[in-house]
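Chains P and R supply the protein sequences, listed in that same order. Each residue of the first sequence is one higher than the one before, counting from 0 in numbering that gives the first Met the number 0. Each residue of the second sequence is one higher than the one before, counting from 0 in numbering that gives the first Met the number 0.
It should be emphasised that the hints constitute simulated quantities derived from the structure, not laboratory data. Where hints are given, some of them may not hold.
[Stated by the list, open to error] Have a look at the derived ranges for each label pair, beta carbon to beta carbon:
no., chain 1, residue 1, chain 2, residue 2, range
1, R, Arg250, P, Gly70, 56 to 66 Å
2, R, Ser313, P, Val249, 30 to 40 Å
3, R, Ala31, P, Ala62, 26 to 36 Å
4, R, Ala58, P, Val106, 22 to 32 Å
The beta-carbon is built from N, C-alpha and C at its ideal position, and this holds for glycine as well.
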Amino acid sequence: MSVTAPSPPRADKPVVRPGDRIFAGTARLAALTIMLALAGVFVFLAIEGLPGLSAPENIYAPATDFWSYVGPLVFGTILAAVVALVIAVPFSIGVALFISHYAPARVATPIAYVIDLLAAVPSVVYGLWGGLALAPALRPAIDWLYDHLSFIPFFAGPPSVTGRTMLTAGIVLAIMVVPITTAISREVFAQTPRLHEEAAMALGATRWEMIRLAVFPYARSGVISAVMLGLGRALGETMAVAMVLSATPVVTLNLISDTNPATIASNIASNYKEASPDKQAVLIATGLVLFAVTFAVNFAARWVIGRGERNLTR
Amino acid sequence: MSTTTPLEPDSFAITANLAQPRLPKWALLLVAVLALGVAGLVTLLLGWSPYAGLVLAIALAAVGLPLWSLLLEGRRSAADRFATSLVWAAFGVVLVPLVWLIWLVVKNGIGVINGEFLTYDMRNVVGAGGGIYHALWGTILITLAAAIISIPIGLFTAIYLVEYGRGSRLARVTTFLVDVMTGIPSIVAGLFALSLFVLIFGPAIRIGFGGAVALSLLMIPTVVRSSEEMLRLVPSDLREASYALGIPKWRTVVKVVLPTALGGIITGVVLAISRVIGETAPLLVVAGATDSVNFNLFEGRMMTLPVYIFSQYSSPGVVPLGQEGDPPGYARAWGAALVLIAIVMVLNLVARIIGAYFAPKTERRR
Chain P
0 MSVTAPSPPR ADKPVVRPGD RIFAGTARLA ALTIMLALAG VFVFLAIEGL PGLSAPENIY
60 APATDFWSYV GPLVFGTILA AVVALVIAVP FSIGVALFIS HYAPARVATP IAYVIDLLAA
120 VPSVVYGLWG GLALAPALRP AIDWLYDHLS FIPFFAGPPS VTGRTMLTAG IVLAIMVVPI
180 TTAISREVFA QTPRLHEEAA MALGATRWEM IRLAVFPYAR SGVISAVMLG LGRALGETMA
240 VAMVLSATPV VTLNLISDTN PATIASNIAS NYKEASPDKQ AVLIATGLVL FAVTFAVNFA
300 ARWVIGRGER NLTR
Chain R
0 MSTTTPLEPD SFAITANLAQ PRLPKWALLL VAVLALGVAG LVTLLLGWSP YAGLVLAIAL
60 AAVGLPLWSL LLEGRRSAAD RFATSLVWAA FGVVLVPLVW LIWLVVKNGI GVINGEFLTY
120 DMRNVVGAGG GIYHALWGTI LITLAAAIIS IPIGLFTAIY LVEYGRGSRL ARVTTFLVDV
180 MTGIPSIVAG LFALSLFVLI FGPAIRIGFG GAVALSLLMI PTVVRSSEEM LRLVPSDLRE
240 ASYALGIPKW RTVVKVVLPT ALGGIITGVV LAISRVIGET APLLVVAGAT DSVNFNLFEG
300 RMMTLPVYIF SQYSSPGVVP LGQEGDPPGY ARAWGAALVL IAIVMVLNLV ARIIGAYFAP
360 KTERRR
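Model the full structure from these sequences, guided by the hints.
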């Protein structure tokens, strides 16, 4: 983009008009506002949330202190996000490859648009669909998993009668993650140097071998960061989980039973209405924990992207 | 290839491979028909549901073609064909939830939407009836307020990043912070707005304006990103021509740079609005829920469409005695979902049209 860059202002600029000064000041102010807003997020969450770390014991029931209260929630958050990613990542890579290398060129753009539509559907509608349509539809599948695979701890059962399980929530989350990871992976796949691909083809590689030899090595860091951004989305998603899961504070790997751990976000959403000020502080404190976790994940993703870009420009 | 050149055995293998038989063009069709037939037979004999039959047919075709290829063409071609069928299957599977969801929302929602649904609120409604009037207005007002807050901040930040702050420390920090802001979970944005207003007004505060603040926190990074990208696309020739005429920098930005990038900026803003208009969690936390119309952003709880869907879903009421079927709240939730999706899709479409109409006449990658 350096071609279109404006030339830097000369140091010995003779006239500075008041209009210039005001306009530049406004622009700088806007940038500072963003900094202030983000600092505000930390500060206000901390001010309101810190009392939640040491609230009266009965607030944390059935746990007794903050960390044993938030522990199962963190576990549930990570479990739901991991289930979602395990389902979503293979599909995203497949769809991204489909758009960048397999689909006929004329339909690739409309298809990419359709996948982006998945991202445009509001999360509450996914929750509605997950709770009312997907959960009942998954009941036979859950029974089948229990009958045939119950030796795996994930499917230990007893199978849910409502279908509102961690597996269902994970699938809904996966559908919400797919457009994000697909969009980024697709961009990276499409940027593979044409010459690498043609060289592989010229050496007699089939299309799949070309993708393995030329596209995947080039796109690895991009795909990793796409997955991490998807993870960030899955960790922070609220409504879909809150509307699908009926939660109890347990730590279990069981994906198909009726007792499921809540996630941090869904716990906040479903307990908010009847919260006393003390409880409110506790919930805000859990929000702070969630913020820290997603911040770390996103930060790692950006770092991977940055490293990848440096490698490419080398 | 002439026989006088000494050839290594490997090259013979390659030439031999080239002569190997390939699957005919109609192989895919044949396998698909066979798979459908076998799956149909199994489905009929075992009494499965048609969906299970379809899954079986696709699985059979996805395995059958590579198997045939393995027998006829060898391992490498078989792997290639298998990967191709996996990629196509992945695409097909991802389409299923989208089609299913849209179809369900339209099917269940279209019967609910009528004049009463759009013009009545939920005050004193027990059982069926009532509507989304209050939620519709809440969504419009809160989203509008969020847009009014975030468009100037986002746009000016983008102008700063592109026109003024190039390479400065503040610009680098701002770019990083915008990245961080993109990753803020929506519920954390809601909690932030809540903490802010609780600190000012006391713990029981729930106002629509708080929702607008939370939404703008989610909207600003999108606006900054898209505007920044569009401003960078403006050729520097235009700026230099303007400077050469002695026009001050700020007037150059206002009169030359912004109008050139206007289409892209509007597209970005509309997409950002369509993104935040469906946000539920922050509004649930800070704007609350109510059954009546409230036009005042600064006082009292305010209903919005996403929160309306959530509350109709989580407390749907009871089925009247002696009747079968779903509780009345579910129907209202589907109706509101249809309205919400329609709004989002229209906004998306408008953004694409504006974007296509004003698209800069430069070559860009897909």
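Each hint tested on the structure:
{"no.": "1", "hint": "Arg250(R) <-> Gly70(P): 56 to 66 Å", "result": "holds (59 Å)"}
{"no.": "2", "hint": "Ser313(R) <-> Val249(P): 30 to 40 Å", "result": "violated (21 Å)"}
{"no.": "3", "hint": "Ala31(R) <-> Ala62(P): 26 to 36 Å", "result": "violated (56 Å)"}
{"no.": "4", "hint": "Ala58(R) <-> Val106(P): 22 to 32 Å", "result": "holds (24 Å)"}
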